[in-house]
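> Model the full structure from these sequences, guided by the hints.
For what it's worth, my numbering labels the leading residue of the sequence shown as 1277, then goes sequentially.
The hints are simulated quantities; they were obtained by calculation from the structure and are not laboratory data.
One or more of the hints may lead you astray.
[Claimed, not checked] No more than 27 Å apart at the CA atoms, straight line, and that leaves these computed lysine-lysine pairs for DSS-like: (1) Lys1366 x Lys1470; (2) Lys1398 x Lys1652; (3) Lys1470 x Lys1703.
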Amino acid sequence: MRITWAQPEDLVAHELVALGDEGIVPENIINAWRDAGGSLIAQVSGASPIGADCHLRELARTILHELDTLDNPARIEAVFDAPDFKDGVKLRENQWDTYMVRVRGAWYGRLVGCVSGKPVEKIPRQGIRAIAQATGNWPIHGYFTQEGLPGDIAERWPWNRRSRVNSLVENINGTPEDDDINYPLLALELLETKGPEFTSDDVAQLWLDNLPAGRVFTAERAAYRNLLDARPVPECGHRLNPFREWIGALIRADVFGWTNPGKPHRAAYLAWKDARISHSRNGIYGEMWAAALCSAAMSESTISEALDVSLTVISSTSALHEAVTFGRECAASTTDCEAGLDALHDRYGHHHWVHVLNNAATIAFALEFSGGDFWKGIHAGVAAGWDTDSVGATIGGVIGAFCGLNGIGDEYTAPLNNSIATSLPGKNGCSIDDVIARTVALARANND
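Dropping the structure here:
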């Protein structure tokens, strides 16, 4: 059996890439691994097709330990202290009607945006365009469909295996299960049971109690393994974890923002406590930024203003800040979406499709480029061809807050049937109306 994102022989190349991003190139270790027959190609899908023999696998374990114990100044930055805490604004009673409209739009926007990107997850940019054009969905303005898709295109660019059965126009029947949806549901439970005073250890325990190991990926899978190996927080987030600056923490942010309307720094602090169990550096910044963005989407007048606010919670010298700023600049410099996406790929195309920098830049580009048009934003995010369901979810949540259900369209919200499938125990088939009501209740409790 081949297990993605976990086998030592597959992790070595990914760790070397991560260290390279941190300015470390251990030539002696690279040469030793290559001379032993180890691959220096980081597997895009997380696992090589053929497993290593027992000797090479044991060498991989040794090398991973050596890489993990290198003198690495970036590890100091990886475990930075809690961010400054600022209270933000308190909603007046006459502002709650507006908030409730926004949070409903945000939840539905996240769900619709996620489902829009699910069938083409792992398909590159050119394949997504070929599929969409062949089925009359270019620019992307709704869910993908199999109807009318020529056989040669379907063969060259097959749908995502898990999503082809539940995320196409023909077969959507409720919101399908997805890790981008599981985490917001888990965040609701965390805040309801532990309150905003929750600790990172509380997050870790909630994961172990509720998340099947097979439904966590990349950095979360590495962190899960570290937790079972009794590594404490925050060590579990950055040790033996080549995916520590990927997008996995960012996708967990929305509820921390929605339940703290107008309090972006408080939302970012909650996100920091959540992110540090699985990420470091820009991986943590990604969740802090997204949480602040979702908070601002509940209170600011425009998407651009929300983006301005979101950047105040992360270091202005970070690569994450640079990526978000670059994405916004690309949107401001062109009216041609493809030209903007070309610029993003020129700048960040060397990163894995699940890295936080390319995807955060895409989210920022799509939001700024959208002008508040829901499907214009979803098109830009999904057509970029990176983490299509994750960016679709975040983009959809922000624009949905501003445009509301009417801006999304009943033909896209109705097929979700007011239900969410989830792998969380006891939560499958939960009501969208219910999770919205729970979000509002938490926001009212935080309105101090």
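> What are the numbers of the hints that this structure violates, sorted from low to high?
none
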